[in-house]
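Asker: The listed protein sequences derive, respectively, from chains V and Z. Going by the working numbering, the first residue of the first sequence is number 5, and it counts up by one from there. Going by the working numbering, the first residue of the second sequence is number 1435, and it counts up by one from there.
The set of hints was computed from the structure by calculation and includes no laboratory data. Certain hints may be false.
To be verified - Label-pair distances were calculated between CB atoms; the ranges are: (1) 63(V) - 1728(Z): 19 to 27 Å; (2) 1681(Z) - 248(V): 35 to 43 Å; (3) 76(V) - 1690(Z): 39 to 47 Å; (4) 76(V) - 1477(Z): 37 to 45 Å; (5) 1544(Z) - 256(V): 30 to 38 Å; (6) 260(V) - 1635(Z): 35 to 43 Å; (7) 63(V) - 1494(Z): 33 to 41 Å; (8) 63(V) - 1541(Z): 36 to 44 Å; (9) 1666(Z) - 60(V): 37 to 45 Å; (10) 123(V) - 1728(Z): 42 to 50 Å.
Positions of the beta carbon are idealized from the N, C-alpha and C atoms, including for glycine.
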Amino acid sequence: MAELNQEHESHKLGMHTEQLAGRTQQVFFSPSAEENFTYPDGIAVDFNKETEFDAGPMEIRDVNLKLRELMQEGYGTITIRNPGAKHSLGVGILNRLNLTFDGSLGYFGCGLADGPNIRITGRVGWSCAENMMAGTIVVEKNAGSTFGAALRGGDLVCKGDVGSRTGIDQKGGTIIVGGRAGAFTGFMMQRGRIIILGDAGKNLGDSMYDGTIFVGGKIEDLGVDAVEGEMTETEEKWLETKLALYGMKAPNGVKNLTKIVAGKQLWNYDNLEPSEKKLVL
Amino acid sequence: MCGIAGLIHRGSSADIGSQMTSMLQALKHRGPDSTGFALYGDKATSDHVMRFKVAEQEDLATGFDIHATIVDRKNTVDERLKELGVTIKNEEQVTEYAHRYTFGFDGDLKRVIDFVEDIEGVEILSVGHALELIKDLGDATVVSEQYKLGGFAGTHAIGHTRMATESDVDIRSAHPYWAYPFNDVSVVHNGQLTNYWTNRRGLERRGHRFMSDCDSELIAVYIAHRIDQGDDLHTAMSRSVDELDGVFTYLVATADSLGMAKDVMAAKPMVLYESDDLIALASEEVAIRSIFPNEIDTFDPYEGEVRVWQS
């Protein structure tokens, strides 16, 4: 792996134009990151064109089709009433959109999101925002397990408590939890950041090999390979900025958050350049 | 996959038959093979209510004399009850193979149960002062209509929709399981136990009986054993979290309480709604919402968590 030519490999994989600072967790470090949010195949919508509909009597598939039809018609601000904890609502939105779910979602809500700004006024079930690429998703109440599983980019926020295995296999982006997080949060985390303002359950960061976890409350225990790290000034500024975006604050200030990182040296991974790591993830 | 649900009204009763039917029907996609209800009526008396079956539903399509055999088995049940001094006060034939008896008896109930279950093809689903356990093949609506559960008034209930993974599609492998021989104790479970046979052998040596090869039955027998050893429900369930290996979320109901437990990995789902008047919990929130027209706040219990509520 040490002889890997980054430029050669990235060209071969068609990734040579991709910037590490775009569409990943590092977007907020770069004020010019906006230019990286390009959606050549996305549906062009007008944020000033608003509408809403009632999902209560509708089947899941019909709700998602209706949403797609509205986007095709140019609606950029959509409110869905009475989602009723149905599963798989709002999945696969690959363009910009202001979307509000007025109620709760079931499993796999808003998975594969790449660009939309979504607000859920209720709770979400398991696997919300799985494989999210970009955009923001804000959950006003609680979330179930595997919140943000395999997250690759964007901001995923839960203002209440989240279940176990939050951010499992996370590969980028930021997850923010206003309350408590369950066991195995950050399990096998590979990149990105998790901010937990409340307590964290046992085995936090188990088998993580990159990324950073910040915890405001008590940590029940750390998983294998997870160790406490030293907070930097840059991180403090980033945390203040990031939390302020969502009207949230660390209970005792960001300076008092506990920073958790991977403690184990993985020679086939740690010797790579950042862009090379991207190739293996 | 399986779906489980439970509800308990605090200080009041309601049409728990219809409520549990709605909740389980909303979970049909988690398991369409069979559906079961453990309903706790609000008119508990000193009499015992016994639900039993004398055949499996699938037996009806086998053999030339199955219908006569079913009648014979039922008659043998009656004879054996009479032989042990059981006075049947009321009897209902719900289906060709399922019966509901009400009887008075103050002797050794375990002996009665063992004597009845000694008849080939006969299985007692439940005995209790409040508990009535109903389970059959099909979704919640089918079973509920078949057994006329709409309008069943009571304080609490648990239920199960089953996707068969560990054992057959039949009534004996359907949930809930009654915690034989304890009055009014029933269990539903979602998950897999990995130390099933080790625990089963140990419990069988202590004299407990298993009617199926379903790992979920182990939880009912385990809880029955722990209660027999003097544990209260919360203590028995907390112990189970340490001693039962695997991934599981399960519910236990007794005459006046409802409990839930999750494994230490929190690998199986459970969503909980709690208010002063009512607790409702299910594998998926959509089941809870089936009985609430208005917006509610719900949450997930955490790993290794045990909770018990009183009616």
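Asker: Look at each hint and say if it fits the structure.
Answerer: So, going through the hints one by one against the coordinates:
1. Residue 63(V) and residue 1728(Z) have their C-beta atoms about 22 Å apart, which keeps the hinted 19 to 27 Å range intact.
2. For residue 1681(Z) and residue 248(V), the Cβ-Cβ distance of about 39 Å falls inside the hinted range of 35 to 43 Å, so the restraint holds.
3. Hint check: residue 76(V) to residue 1690(Z), Cβ distance near 56 Å, so the stated range 39 to 47 Å is violated.
4. A hinted range of 37 to 45 Å is violated for the C-beta pair residue 76(V) and residue 1477(Z), which are about 58 Å apart.
5. For the hinted restraint 30 to 38 Å between residue 1544(Z) and residue 256(V), the CB-CB distance of approximately 59 Å leaves it violated.
6. Roughly 52 Å separates the CB atoms of residue 260(V) and residue 1635(Z), a value that falls outside the hinted 35 to 43 Å.
7. Residue 63(V) and residue 1494(Z) have their C-beta atoms about 35 Å apart, which keeps the hinted 33 to 41 Å range intact.
8. The supplied range of 36 to 44 Å is broken by residue 63(V) and residue 1541(Z), whose beta-carbon atoms lie about 55 Å from each other.
9. Restraint check, residue 1666(Z) to residue 60(V): a C-beta distance of roughly 43 Å satisfies the suggested window 37 to 45 Å.
10. Between residue 123(V) and residue 1728(Z) the CB atoms are about 20 Å apart, so this pair departs from the stated range of 42 to 50 Å.
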